[in-house]
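Trainee: Chains A and B, in that order, give the protein sequences.
Per our numbering, residue 132 is the first one in the first sequence, and the count goes up by one each step.
Per our numbering, residue 7 is the first one in the second sequence, and the count goes up by one each step.
Hint data in this document are derived by calculation from the structure and do not stem from the laboratory.
A virtual CB, placed ideally from N, CA and C, is assigned to each residue, including glycine.
Among the hints, erroneous ones may be present.
Okay, derived cross-link-like pairs now, PhoX-like style, lysine-lysine, Cα gap no bigger than 25 Å in a straight line [said to hold, decoys possible]: (1) B:LYS132 <-> B:LYS114; (2) B:LYS221 <-> A:LYS446; (3) A:LYS243 <-> B:LYS123.
Taking CB as the label site, the calculated pair distances span [stated by the list, open to error]: (4) A:ALA151 <-> B:LYS81: 33 to 39 Å; (5) A:ALA253 <-> B:SER134: 44 to 50 Å; (6) B:GLY24 <-> A:TYR246: 20 to 26 Å; (7) A:LEU267 <-> B:ASP138: 54 to 60 Å; (8) A:LYS243 <-> B:VAL26: 52 to 58 Å; (9) A:LYS305 <-> B:GLY49: 45 to 51 Å.
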Amino acid sequence: MRRPPLQKNHAYLGIAALLAFLIAIPFFASDYWITLVTLILIFTVYASGWNLFSGLTGYTNFGLAWFIGVSGYISSLLIADHSFSWLFAWPIGAVLTSIASIGVGYILLRIKGVYFAISMVALTEGTRELFGTEYLTAITHGGKGVPFVAGIKLSSLYWAILLLATLTLLICYKITSSKFGLRLLAIREDELAAETLGIRTTRDKIIAFALSAFLVGLAGAIHFTYQNYIDPSFAFSIHLTLTPIVMTLFGGVGTVFGPVIGATLFTFIHEILWAELSLLYMSVFGAILMVLILFFPQGLLGWMKEREILPRIRKI
Amino acid sequence: MSTKEPILRIEGVVKKFGEVLALDHCSFDVKPGSITGLIGPNGAGKTTLFNIITGVLQPDQGHIYFGGEEITGKKPYEIARKGVGRTYQIIRIFPKMTLLENLIVVGKGRERKVIEKAMDLLHLVKLSEKRDDYASDLSFGQQKLLSLAQVLMLDAQLILLDEPAAGINPTLQNELMALVHRLNEQGKTFIIVEHDMKVILGHCENVIALNYGQKIAEGSCSEIERDENLLEHYFGR
């Protein structure tokens with residue numbers, strides 16, 4: 132059943148070559164291409180981060196934009212108003228978001244299914260209102276948003292997000308093949324059974340939730356630095372939650388490389404549709420989504436594993 | 007812990023669901039190394055008692071001691087780690103995980119040791135050839151065996167089985183009960199909820215009968231059998 136070592140080496144060589152190519156992109160590609168790959172990498176982290184928690188535990192997080200927005204706001208305000216360097220502002224935003232997510236998880240991860248999903252939507256919407264309210268204008272600039280320049284070159288920003296995406300995938304790869312990853316799957320399969328078999332389900336869920344918040348938050352901070360702008364409706368937009376979920380559904384929920392494939396393909400589709408048929412964009416997007424859910428609920432990689440085109444192992 | 011000391015002590019446990027008294031001042035002891043049958047009609051409180059022992063439900067009154075230590079109010083995972091394992095009447099395994107994963111996930115300690123132990127247990131329940139199949143691909147009876155293997159992976163000293171014989175063919179049923187006896191000889195204590203009196207009388211040393219949440223009879227199998235009139239009254243055999 133084991134794949135021959137030669138094939139494994141090929142896989143490592145392929146990944147190394149791809150990584151070398153991605154690192155080299157700023158040396159030869161135009162800004163358009165650097166920008167496009169930057170977006171792919173940002174959404175790769177969003178989708179993988181969502182998958183790391185929701186794909187494994189089965190708790191559908193409809194508040195991904197909360198991670199993105201909170202961390203994005205903290206880092207953007209630190210850069211814009213408190214003259215922090217991006218180098219410090221990004222990790223501070225991500226760490227604070229992750230800490231806040233522990234509190235949120237402690238309260239909300241007791242409720243299951245659709246109730247958890249709705250609570251996360253409500254939290255995101257409420258936080259959007261909070262950041263937009265005129266009473267907090269002195270701190271948040273209110274609803275009119277924060278334009279800022281972080282003084283980072285596009286190529287440096289690109290390498291930063293490339294590093295983060297690589298780390299995120301490495302973490303996901305390690306977790307899915309670890310006992311921690313199996314415990315998260317057990318929570319998805321039957322939480323009560325897991326608990327009576329000695330698994331600390333609440334602790335494991337919160338750890339995964341906080342890790343997801345950290346990775347997604349870091350990508351969010353980079354995202355808004357790249358945009359040079361943040362405002363409440365953009366930072367906490369439902370699109371920032373839904374797009375990574377759709378990407379993950381396409382690639383394969385609970386797989387390691389599914390979210391990457393989804394993020395790459397959907398960013399390209401978005402580019403093409405937006406440029407060629409901007410008016411039809413949402414309806415075409417919706418149609419693709421319906422076909423996916425009806426015919427490939429397990430996603431591309433899940434479908435390939437089922438037909439044994441790929442080995443049925445968790446590491447892919 | 008001396009051998010005389012009960013491994014499990016239930017003391018005046020009361021549990022209400024709204025107006026319904028599911029357990030009504032229920033008390034009994036379980037000796038270490040015994041196999042105890044828990045009988046009673048539907049709704050007598052047997053499963054509720056299992057849920058209270060394992061911390062899934064909290065009693066309104068009363069105390070539960072395991073190995074002399076009070077475990078009332080502890081969380082299910084804490085009680086499990088102390089050595090109380092259970093299977094469910096409706097099987098609860100992890101369907102979309104492989105058999106091997108179903109066991110590894112329960113194990114503690116070094117990965118190599120955990121995998122070794124998981125394989126040993128799969129051999130024990132004769133499912134080692136299916137180790138890479140999803141648990142959902144197993145038959146109902148095989149799933150019961152896997153569920154028992156999970157409990158053994160936990161190193162449980164006290165094992166609660168909720169209707170282990172129900173719904174599986176006689177061959178597998180015999181295999182499962184033979185396994186229970188072998189584990190019992192190795193020192194594991196069992197409490198078995200079962201409707202089939204043949205299983206209870208054939209395999210248990212002691213029997214506790216519940217009705218309306220109260221203990222109505224307790225004794226050795228022969229005593230309970232002699233009490234048949236009483237049982238007939240309650241079970242309508």
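Trainee: So, for every hint listed, does it hold in this structure?
Mentor: Here is how each hint holds up against the structure:
no., hint, verdict
1, B:LYS132 <-> B:LYS114, "23 Å, holds"
2, B:LYS221 <-> A:LYS446, "52 Å, violated"
3, A:LYS243 <-> B:LYS123, "33 Å, violated"
4, A:ALA151 <-> B:LYS81: 33 to 39 Å, "49 Å, violated"
5, A:ALA253 <-> B:SER134: 44 to 50 Å, "48 Å, holds"
6, B:GLY24 <-> A:TYR246: 20 to 26 Å, "23 Å, holds"
7, A:LEU267 <-> B:ASP138: 54 to 60 Å, "55 Å, holds"
8, A:LYS243 <-> B:VAL26: 52 to 58 Å, "25 Å, violated"
9, A:LYS305 <-> B:GLY49: 45 to 51 Å, "48 Å, holds"
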